[in-house]
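Enquirer: Chains as they are written, first to last, in my numbering: chain A, 619 to 947; chain B, 224 to 568.
Because the hints were derived from the structure by calculation, they are not lab data.
Errors might be hidden in some of the hints.
What follows is a set of in silico ranges between Cβ atoms, one per label pair, in the way DEER data are often shown [claimed, not checked]:
#: 1; chain 1: B; residue 1: Q524; chain 2: A; residue 2: Q775; range: 21 to 31 Å
#: 2; chain 1: B; residue 1: D259; chain 2: A; residue 2: R934; range: 20 to 30 Å
#: 3; chain 1: B; residue 1: G423; chain 2: A; residue 2: Q766; range: 48 to 58 Å
#: 4; chain 1: B; residue 1: D517; chain 2: A; residue 2: T688; range: 45 to 55 Å
#: 5; chain 1: B; residue 1: G423; chain 2: A; residue 2: S767; range: 49 to 59 Å
#: 6; chain 1: B; residue 1: D294; chain 2: A; residue 2: R921; range: 50 to 60 Å
#: 7; chain 1: A; residue 1: D680; chain 2: B; residue 2: K535; range: 44 to 54 Å
#: 8; chain 1: B; residue 1: D517; chain 2: A; residue 2: S673; range: 44 to 54 Å
#: 9; chain 1: B; residue 1: R478; chain 2: A; residue 2: R927; range: 29 to 39 Å
#: 10; chain 1: A; residue 1: R650; chain 2: B; residue 2: S272; range: 19 to 29 Å
From the structure, some residues in chain B lie toward chain A, with a derived Cβ separation under 8 Å [stated by the list, open to error]:
#: 11; residue: L291
#: 12; residue: E501
#: 13; residue: Q503
#: 14; residue: P507
#: 15; residue: H510
#: 16; residue: D517
Quick reminder that beta carbons are idealized off the backbone N, C-alpha and C, glycines included.
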Amino acid sequence: MSQPQISVLLIVYKMRRQAMNTICSLSANYQRNVSVTDYEVLVVENESSEMLEESEVCALGDNIRYFRRTEPGVSPAPAINFGLAQINAPMLCLMIDGARMVTPRVIEYALQAQRASSTALAAVPGYNLGPTEHHFNLQQGYDADFEQSMLAQTNWQDYGYNLFNIASMGGAHLRGFFHPLMESNCLFCNTDVFREIGGADERFSESGGGSLNQHIYRALGIHPSGRYFFLMPGEGSFHQFHGGVSTVEREDRAELIRGFKAHLEEIWEGEYCALRREPIMLGAVTRPAQRFLQFSSRESRSRFDRFVRQGGSIWREDELFELNRHYDR
Amino acid sequence: MPVTPRLSILVIVYDMPRQAMNTLYSLSAEYQDGVDVSDYEVVVVENRSGRCLDPDAVADLGPNFRYLCRDEIGVSPVPAIQEGLGRCHGEILGLIIDGARMLTPRALQFALLAFAMQRQALVTIPGYHLGDGDHKDHLSLGHSEALETQHLEELEWQRNGYRLFQYACWSSGNKNGYLQPMLESPALFCRRSDLDAIGGVPEGFDQPGGGSVNLYIYRMLALRESTRLFVLPGEGSFHQFHGGVTTSEIGERERVLKAFDERLESIYGGTFYATAREPQLLGPIGHFAQTFLDHSLERGQKRFARLAHQQKIFWNDEVFEYWTENEPSKQAELRSAKVRRWEEP
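Construct all of the structure, not just a fragment, from the sequences and the given hints.
Expert: Structure representation (structure tokens):
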């Protein structure tokens, strides 16, 4: 097989059903306008009581590779670094949470972004399946069984954009994606740049990696090579309920998140904030996705107006790239 | 210029010096962001009138500007387009057939990016009219050149071209926005090889202003199987009032348009429709452009809802429409119908 342009690194732990959906959504059979030679999917699974079946995973495509590893800790960081050592593609797609299914043109558009610039950063917005964020699951009476029956009715395998019809806006950009994003759970970047920022910092040793993904997102977003920051408004990564550390309702969640944030700022060595880069929109926006773009546009008005009134830079990190010419006033 | 530019922008001008100078300034490297004079050239072809451009003023806009004034006995810009194409060096072409259309500051940057992303790109920049309504109704709306000039001065658009969105409305050709089939592209970018493949610009469009030549070129390019259609939602091409054939309120407008339609369908060889290929968005969408995004989304959703209800295809000119929300069985049927249609000679 010729060398793929993109290696998707998917980290899995104890979520067999959800991960199989995710892998299916990454397969060349589901992804449009790309072939198995364009990209590869590396599934790295930390051992648990609920493992994937390697043969089932690999049956989804010749471009899917499976790695099972023993992990003494509770963080996905070592698994990411293990996966990073296995790949040769110039572009990496990091999916830190194997429970996130994607829409049918994420790979195609990432390839386009890469052709625009080999060091492009491309973020796919995140959504939750169901009516709200999964850490309100008990209040909403939402669980894996309900989700499964909902998925079964959407015919997502034939038309992945139907996922938007059963989803709600993700927590990383609750007010839409004309606001700064906190993170992306399906993030494309240059592989060497990812290595340059140190890969996954293994000091994020908390369950689920704590705020590791946010750290990676911002570090990549301000890296000097990253002039082009793309966002795919018509694509999405959809979180399936799986009882994840911060994506399930629990009494100590607020305290847990505070701990994650404190640790993040300790490692970041300063105050941490969402990445304020003006997104270059990329891709078609199908009917089911349009309501989220509409919501995003409306929600951004007050923020934009505030900056116009008060002055200051709406997209502050763009200044690092000498990109901001204050086109908003 | 020592290096062959990748992009040649062809601007046709006739009897509109003030408007054309604004357009040309909006194409200069001083105004355009993220491109260099070596990336592109601007070929200005003017049909002689009583009010021609000052060649020195054009040359002052940059070393990448070239100007030709020619005599034209006819009333159509098509011969000027053909002569201009002969002087374009780039493998990518930008066509602004009506020299009265100013662009926003990142139009060139993102048009070029589209071709880096997808070899067979076709890029369209949505069209707007300056003022409160389409210029075809200028008398009824009280729109005039003097008023427009005053507004442009107040906007100081040279400092931030996106302010043009604040003083603009949809042009009637695409009044439902860019998430719909579009009739034309007043500022389009294509590969020169693609324009050659559709047979160039037909001389048959010899009516005033070229008649519907713009509509024809856009659809023919968009219908090519390999074409990928890009729309730049955050950029715009803004029509300045200049008393154009179809862009001013004149008594015989309906009759003129009917003649244009007849000629269009005769050259096209059948009923002419707006091009229904799914647009791929590209580029940032700033504060000022968002009103038009909202409108496009609103209109787009209405259309989608109607077509979904009627079990109809959304993008009728897509080669393979995988994207319909119709039932799978219906999809398979539509898909095979598409294959058959495209296999027909």
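Enquirer: With reference to the structure, classify each hint as holding or not holding.
Expert: Results of checking the hints against the structure:
1. B:Q524 x A:Q775: 21 to 31 Å: About 25 Å separates the Cβ atoms of B:Q524 and A:Q775, which means 21 to 31 Å holds.
2. B:D259 x A:R934: 20 to 30 Å: holds (26 Å)
3. B:G423 x A:Q766: 48 to 58 Å: holds (57 Å)
4. B:D517 x A:T688: 45 to 55 Å: With Cβ atoms ~52 Å apart, the hint holds.
5. B:G423 x A:S767: 49 to 59 Å: holds (57 Å)
6. B:D294 x A:R921: 50 to 60 Å: 55 Å Cβ-Cβ, so the 50 to 60 Å window holds.
7. A:D680 x B:K535: 44 to 54 Å: violated (37 Å)
8. B:D517 x A:S673: 44 to 54 Å: The hinted range 44 to 54 Å holds for B:D517 and A:S673, with Cβ atoms some 49 Å apart.
9. B:R478 x A:R927: 29 to 39 Å: Taking Cβ atoms as reference, B:R478 and A:R927 lie about 51 Å apart, which means the hint is violated.
10. A:R650 x B:S272: 19 to 29 Å: violated (50 Å)
11. L291: violated (33 Å)
12. E501: Because about 5 Å separates B:E501 from the closest Cβ in chain A, which is inside the 8 Å limit, the hint holds.
13. Q503: holds (5 Å)
14. P507: With a minimum Cβ separation of about 5 Å from chain A (threshold 8 Å), the hint on B:P507 holds.
15. H510: holds (4 Å)
16. D517: holds (6 Å)
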